[in-house]
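*Asks:* Sequence:
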Amino acid sequence: EKKQKDIIESIQYSQIIQKSILPHRRDIWRTLPQSFVLYKPKDIVAGDFYWFHIIKDYCLIAVADCTGHGIPGAFMSILCNDKLNEAINYTHQIDEILYFTNLNIKRTLKQLDNTSTSKDGMDIILVKIPYERVQKRETPIPIEFAGANRPLFLFRNHKQTTEVFKTTKASIGGFTDTEQTFQKYSLDLYTDDVIYLTSDGYIDQFGGSKNKKLMTTGFVNLINQIGNLHYQKQKQELETFFNEWKGTNEQIDDVCIIGIKI
1 EKKQKDIIES
11 IQYSQIIQKS
21 ILPHRRDIWR
31 TLPQSFVLYK
41 PKDIVAGDFY
51 WFHIIKDYCL
61 IAVADCTGHG
71 IPGAFMSILC
81 NDKLNEAINY
91 THQIDEILYF
101 TNLNIKRTLK
111 QLDNTSTSKD
121 GMDIILVKIP
131 YERVQKRETP
141 IPIEFAGANR
151 PLFLFRNHKQ
161 TTEVFKTTKA
171 SIGGFTDTEQ
181 TFQKYSLDLY
191 TDDVIYLTSD
201 GYIDQFGGSK
211 NKKLMTTGFV
221 NLINQIGNLH
231 YQKQKQELET
241 FFNEWKGTNE
251 QIDDVCIIGI
261 KI
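Each residue of the sequence shown is one higher than the one before, counting from 1 in the numbering used here.
Possibly wrong hints are sitting among the right ones.
[Unchecked claim] Below, in silico cross-link-like pairs of lysine to any residue (SDA-like), each with a Cα-Cα straight-line distance of 25 angstroms or less:
| id | residue 1 | residue 2 |
| --- | --- | --- |
| 1 | K40 | K184 |
| 2 | K169 | I7 |
| 3 | K42 | I7 |
| 4 | K159 | Q232 |
| 5 | K19 | E239 |
| 6 | K119 | N85 |
| 7 | K184 | K246 |
| 8 | K19 | L112 |
| 9 | K166 | K212 |
| 10 | K119 | Q18 |
| 11 | K246 | I71 |
| 12 | K246 | G218 |
| 13 | K169 | V220 |
| 14 | K40 | E239 |
| 15 | K19 | P33 |
| 16 | K42 | I55 |
| 17 | K166 | I71 |
FYI, nobody ran anything at the bench for these hints, they're computed from the structure.
Construct the entire structure; sequences and hints are all you get.
*Replies:* Below you can see the structure in the form of structure tokens.
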């Protein structure tokens, strides 16, 4: 009984440490006024995290999904967060940030050869935004994005449809080669367009009448329905839908979604 209580208290304290590395949501909101963060760990602590940095005229924002959830995932999230912070000391180019993060995670976890017992890593979507143009609504707004196994979702307001942009098909760390490069992409955003950065927890959740995964198609259909709503209303709709979809099922993974409306 006491042992279990001690373990739970330790995990709860770990949650305080993990929360301290997450950016303040008000800092994100001040920089990107029409943005929201939906963050639902499966357990007390999480393998998903979000990351935010301002560099001169740009902000960098990311959603990352580390191997596992709970305590192992949380350990990885703290390490990966640290390596992202380290990478921006070398470069402000988003493709290079991912390159250095991959290299440094592999070095730290001694994954440089096939003898390593650690195969842990993370998937990530990283976006670079000229935030002052967003604040002034000076469209078109040119953004850059790069990723490791995570796409960028874009709701095009004038078309009322959602586009899915795939990124590099490789994780950061784990089995990925040390010299792996990550492709950088560019896009122009217009008034009332919305971009979504997500981990895979929402999309992989079992539920609905057939008790199947929501999948990317289901997520895109949902975004098509809510993409033109007020940004705070979108967050509410995403939460409501997730809980209704999940029903009596257990939440299978951490959930993290950032939405940014232009």
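*Asks:* Next, verify each hint and record whether it holds.
*Replies:* Okay, the hints, checked on the actual structure:
no.	hint	in the structure
1	K40 <-> K184	29 angstroms, violated
2	K169 <-> I7	37 angstroms, violated
3	K42 <-> I7	17 angstroms, holds
4	K159 <-> Q232	21 angstroms, holds
5	K19 <-> E239	20 angstroms, holds
6	K119 <-> N85	22 angstroms, holds
7	K184 <-> K246	35 angstroms, violated
8	K19 <-> L112	30 angstroms, violated
9	K166 <-> K212	23 angstroms, holds
10	K119 <-> Q18	22 angstroms, holds
11	K246 <-> I71	23 angstroms, holds
12	K246 <-> G218	13 angstroms, holds
13	K169 <-> V220	20 angstroms, holds
14	K40 <-> E239	9 angstroms, holds
15	K19 <-> P33	22 angstroms, holds
16	K42 <-> I55	32 angstroms, violated
17	K166 <-> I71	29 angstroms, violated
Comparing the model with each numbered hint stated earlier shows that hints 1, 2, 7, 8, 16 and 17 do not hold.
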